[in-house]
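Let the hints inform the model, and build the full structure from the sequences given.
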Amino acid sequence: MADRQVEQIRDLISRHKRWDSIFAVIGLLSMLVGILTLLALFIQLFIDGMPRFHADFFTSFPSRRAEHAGILSAWVGTVLVMLVTAFAAVPLGVASAVYLEEYARKNWLTAIIEINVTNLAGVPSIVYGLLALGLFVYTFRLGQSILSAGLTLALLILPVVIVATREAIRAVPGSIREAAYALGATKWQTVRDHVLPYSTGGILTGVIIGLSRAIGETAPIITIGALTFIAFLPHSPFTPEFPFVSFQWLLDPFTVMPIQMFNWTSRPEEAFQHNAAAAGVILLLMTLAMNGIAIYLRSRIRSRLKW
Amino acid sequence: MTSVPGKKIKAEVKNLNFYYTSVHALKIISLDIPEKQVTAFIGPSGCGKTTYLRCFNRMHDLYHGNRYEGEIVLHPDNVNIVSAQVDPIEVRMRISMVFQKPNPFPKSIYENVAYGLRVRGTVKKGVLDEKVEQALRGAALWDETRDRLDSLAFNLSGGQQQRLCIARALATDPEIILFDEPTSALDPLATARIEELVTELKERVTIIIVTHNMQQAARVSDTTAFLYMGELIEYGPTKQIFTNPDKKQTDDYITGRFG
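Chains as they are written, first to last, in the working numbering: chain A, 2 to 308; chain B, 1474 to 1732.
Keep in mind that the hints were calculated from the coordinates and are not lab data.
Any given hint could be a false lead.
Unchecked claim - To list a few chain B residues with every Cβ distance to chain A over 10 Å, as calculated:
no., residue
1, E1485
2, E1508
3, E1544
4, E1617
5, Q1713
Stated by the list, open to error - Pairs of lysine-lysine, DSSO-like flavour, derived with a Cα cap of 30 Å:
no., chain 1, residue 1, chain 2, residue 2
6, B, K1500, A, K107
7, A, K188, B, K1597
8, A, K188, B, K1580
9, B, K1712, B, K1480
10, B, K1509, B, K1604
11, B, K1598, A, K188
12, B, K1721, B, K1480
13, B, K1675, B, K1604
14, A, K188, B, K1574
15, B, K1509, B, K1480
16, B, K1720, B, K1487
17, B, K1712, B, K1487
18, B, K1720, B, K1580
19, B, K1574, B, K1675
20, B, K1604, A, K188
21, B, K1597, B, K1675
22, B, K1712, B, K1509
23, B, K1509, B, K1720
24, B, K1574, A, K107
25, B, K1487, B, K1721
26, B, K1675, B, K1500
Model, not experiment: these values are computed from the prediction.
Built from N, CA and C at the ideal position, the CB exists for glycine as well.
See the structure below:
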């Protein structure tokens, strides 16, 4: 009798374990679908773009002849637009998040704001483009400029920055806040000396995830009127005379990497497809590099925090 | 009985009531806190002893919907520290606190101790250095940390972290230090050191300690208050409370019949 019971238990276990292995296989396959597709895409782009990877590609303006065309104006434009985006989105987003988490009372008004901030993250980017066209380009007369583009993308990623910052702030334990308050610190001293420094890792991650999204955006930038063919650089931010910096570039026309790619892919000649692929690889690498920096900074900052 | 005769009074609690939104958590509590002595609050979980302690540095003001009634009068200047007219920050500058779980900042040992001084605007390195050393000596932590003041507070053991928190509370020369079950997260050896420290510190500062450990109250305190369901049941010299309490409830609690 006892032997038969043990037999039954073993039977049961092996049947259950079969499901274990079946699920492991399903999970592995699902994961491979994602990873292999991405990898194949990247390799395809890399092979297509291969003939174009040399220094000239980075230092040449676009040209009617594919073999002379480069991404100089595009990558400079992308870097400058990202700079404006970061400078606008970080202070606005972090300040909003600090206000919502540390200062605002929890009531129906803040609940509505909270829901709307989350919803804003899901608004299609072209809608932001239309808003920016009306607001920045026409109302504020900022023109079809780097500044308009940067502010547009800043609006686009603001919800991401706010949500990530709030989460990072919430991860700072209440006991640390109480320790600061118990020593006689004001709310602002507590935020400045403790809450913000300890949540920097999470905030940075949010900012970089936001920027990675912004760097690939095409629709809102086209809507506000970025050029698709541009054979000159914006004004330099540095000048030889006092005060050595200039903000003229903010109002210059520009193009960015995804628009340059879009322009090339719509050309009939095959040679331009290689240019598009090469630019795609560069854009992907820019995004990966940003994510890499985010991961590095986060682990560095978190290694100091234990609670 | 709400006062202990023949001792100088540091704070007088008069008809204190406390409400969490609609919950009446503390009911008409009155007692005197003697100066430079250890006063212990004991009682079963949920009796209100920590709630009571946190009235003394207005910790409840950090959360919305809490309300005090009555007075805690701080001597010698007779300020009612739970009055809405008194800024809670002013109260916390005078009365510091050590929490249940060691909660050092993720900063260096030095910066942990110096933070209270920095909040008060002290910037001179010489002054900070001196005060930090004094506080660490006061918390019996100087010898262990003098060579690694710049290392992170988290590298210390649990007991050392709690002594660091005591040093942090001590650095600003408070009039009263509140201890909220300071040894509940520590092993017996670390607990003994903290108790020893509390006994030493009462030479310099008034101490109020909340504990669920009755032996601890008996060992470290001069006067003991027994709270139950938000009410003060009995208050008197520790010796009397533990050997010959007036109330049956107190007797039942200290002999372990409930709680």
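For each hint, the structure was consulted:
1. E1485: Correct as stated: the minimum Cβ-Cβ distance to chain A is 22 Å, above 10 Å.
2. E1508: Answer for E1508(B): holds, closest chain A Cβ roughly 21 Å.
3. E1544: The claim stands: E1544(B) keeps its Cβ more than 10 Å from every Cβ of chain A (closest is about 21 Å).
4. E1617: holds (19 Å)
5. Q1713: The assertion about Q1713(B) holds, with a minimum of 32 Å to chain A.
6. K1500(B) <-> K107(A): Given pair K1500(B), K107(A) holds - Cα atoms ~28 Å apart, limit 30 Å.
7. K188(A) <-> K1597(B): Given that 30 Å is the threshold and the Cα spacing comes to 24 Å, the pair holds.
8. K188(A) <-> K1580(B): holds (19 Å)
9. K1712(B) <-> K1480(B): Judged against 30 Å, a Cα distance of about 16 Å means the pair holds.
10. K1509(B) <-> K1604(B): holds (21 Å)
11. K1598(B) <-> K188(A): holds (25 Å)
12. K1721(B) <-> K1480(B): Holds, because 27 Å separates the two Cα atoms, which is no more than 30 Å.
13. K1675(B) <-> K1604(B): holds (19 Å)
14. K188(A) <-> K1574(B): Given that 30 Å is the threshold and the Cα spacing comes to 22 Å, the pair holds.
15. K1509(B) <-> K1480(B): The given pair, whose Cα atoms are some 10 Å apart, holds under the 30 Å limit.
16. K1720(B) <-> K1487(B): Since the Cα atoms of K1720(B) and K1487(B) sit roughly 21 Å apart, the hinted pair holds (cutoff 30 Å).
17. K1712(B) <-> K1487(B): holds (24 Å)
18. K1720(B) <-> K1580(B): Judged against 30 Å, a Cα distance of about 48 Å means the pair is violated.
19. K1574(B) <-> K1675(B): The hint holds at about 22 Å.
20. K1604(B) <-> K188(A): holds (25 Å)
21. K1597(B) <-> K1675(B): Within the cut-off at roughly 29 Å; holds.
22. K1712(B) <-> K1509(B): Within the cut-off at roughly 18 Å; holds.
23. K1509(B) <-> K1720(B): Within the cut-off at roughly 27 Å; holds.
24. K1574(B) <-> K107(A): Holds. K1574(B) to K107(A) sits at ~27 Å (cutoff 30 Å).
25. K1487(B) <-> K1721(B): holds (24 Å)
26. K1675(B) <-> K1500(B): holds (29 Å)
The structure fails to meet hint 18 from the earlier list, while all remaining hints are met.
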